[in-house]
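Top to bottom, those sequences are chains A and B.
Residues in the first sequence are numbered from 1 upward in steps of one, following our numbering.
Residues in the second sequence are numbered from 1 upward in steps of one, following our numbering.
Hints are supplied without guarantee of correctness; some may be wrong.
Straight line, CA to CA, 25 Å or less: simulated DSS-like cross-link-like pairs of lysine-lysine [claimed, not checked]:
#1 B:K260 x A:K3
#2 A:K262 x A:K107
#3 B:K3 x A:K262
#4 B:K262 x A:K149
#5 B:K240 x B:K163
#6 A:K262 x A:K163
In case anyone wonders, no lab produced these hints; they're calculated from the structure.
Protein chains: 2
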Amino acid sequence: MIKIGILGYGNLGRGVECAIADNSDMELAAVFTRRPPETVTILTANVPVVSAGDLEKWQGRIDVLVICGGSATDMPEQTPACARLFNVVDSFDTHKKIPQHFENVDKASKETGHVALISAGWDPGMFSISRLYSSCILPDGKNYTFWGKGVSQGHSDAIRRIKGVKDARQYTIPVPEALEKVRSGEQPELSTREMHTRECFVVAEEGADLARIENEIKTMPNYFADYDTTVHFISMEELKRDHAGIPHGGFVIRTGATGKDKENVHVIEYRLQLDSNPEFTASAIMAFCRAIDRLSKEGVTGCKTVFDIAPAYLSPLSGDELRRTML
Amino acid sequence: MIKIGILGYGNLGRGVECAIADNSDMELAAVFTRRPPETVTILTANVPVVSAGDLEKWQGRIDVLVICGGSATDMPEQTPACARLFNVVDSFDTHKKIPQHFENVDKASKETGHVALISAGWDPGMFSISRLYSSCILPDGKNYTFWGKGVSQGHSDAIRRIKGVKDARQYTIPVPEALEKVRSGEQPELSTREMHTRECFVVAEEGADLARIENEIKTMPNYFADYDTTVHFISMEELKRDHAGIPHGGFVIRTGATGKDKENVHVIEYRLQLDSNPEFTASAIMAFCRAIDRLSKEGVTGCKTVFDIAPAYLSPLSGDELRRTML
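Could you put the whole structure together from the sequences, leaning on the hints where they help?
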């Protein structure tokens, strides 16, 4: 059994806990939290909730620790620090800061003889893998990534910070015509506005100036100004009833040409449609935990990404079983 | 530069030749043929066409030899034999015989210090990779593979063997309702007939009994009897004008559930839409040639499959470049 530890018990941590139960070769060893442990109730029976301050005492009792904090401020600290104590996997998703994060985690894990894997999940993660395979197979081609339909937490948070807003949910939606144009193989140049629209469901405080809120959303730089944005004001009851889930997904499409005169066009499309973004992310993390545990037992050290893991390492099946049943 | 050799100059061999031109780190060293070399004209200037009997003389001058014969009788002989002389990649696609083929190639390549990769392409190949990743991420789920719309060479050949048939082209077509049912996440049990239909375009000899031909096609065991099959009789001119291409493609879909009460359903879909089946297969083979060349330089020996290759090995970019641009 692969003994998994969870650091941080939010949506992602709970997703990891559920995903462990789906993998018969894994078990949950402990949940670590920065909150007072006695205030945290987990789903799994007979598993301790431990103060994050006691992590060090668990060395040798955990095969892989999953870092379930946030990418903005938690992981840049936690992943390198924990990589000094355990093999670790995180889902660091600030794309621009991945090289720096990789370097920090690589140093920590190499110095202490551990293996780490950063940026597991779906983007970065499975979408990255799809981009890489497709780019290698069709060198003369173009990649497109569409996100949604799904809830963007960052954009929902940005709306919540506007004065007069009680709560909000933002959906990112791919533009169907753009998707079709890409699938046709004609390799269009698409602006930000042409690829996605944004739809916002906003609960305003009583008496708030709705026109001002709508305008502040639609003109917000980086988040909304470059998109066609729709704003709906709804009641708290409607928000809770119709927008409680955290669905997401998207499309990675590469089109490219082959042949003597580039006369043949090919379309490679990878699509995810997820009822729960954190639970799917957690499920992907679990497969990479298995790989990291194996690499560690082979004596490998240092930081890896999803690009460095042969697919067979993700599976509980042997090479022979995989060749017989899946090849 | 990675020096590639091609054994067998049919549709696949020509596809490999074109694909080499798309990869700036590769060059074509020689084309080997069982035909008299002087009767074979290739596209690339200043590259020799050599008798397959002279393969041995090219040891040390080729980094990876691509086996472009057929899976039925050529590859079971050629791949192990060539793996004694070179690093090799093939696209062996008789799924049931893969374990035996693997064993033969593994023995030959290990004994002589080479690396081999069998069953590159799209199915087996990219479809297999998709099945493996998806199965590891969603252990509680179900895989579906749909093929088409595309030309099945084996089925077209089977029609051509019927008395009174001059030529034929057979298309395999996924049933749209079945695709939609699978995408809904309800994990239906689907019969052969429910998943695909077969459409045949047949050129009959003058005076042939069309009703008999149609009946022989529709009742042919294994090939057509289990499917809803449509037969169209057309002229040779129509066949050449409308059915000259070799398109193919398909869908690998896995749906699965996560969550405490399995309340969340996820859909992972990988889709290919290919203007040219052999050229896409060849393009996938090229990426795995790069990986095999690298593994060989690292001192690895023996037989591999697409499951054993970390995605980063397929790319000409460094780990650092990949993390910066694709993760």
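Evaluation of the provided hints:
1. B:K260 x A:K3: holds (20 Å)
2. A:K262 x A:K107: violated (45 Å)
3. B:K3 x A:K262: Holds, at roughly 23 Å.
4. B:K262 x A:K149: Distance of about 21 Å is within 25 Å: holds.
5. B:K240 x B:K163: Measuring from Cα to Cα gives roughly 21 Å; hence the hint holds.
6. A:K262 x A:K163: It is violated: about 55 Å lies between the C-alpha atoms, which goes past 25 Å.
Of the numbered hints stated above, those contradicted by the structure are hints 2, 6, listed in ascending order.
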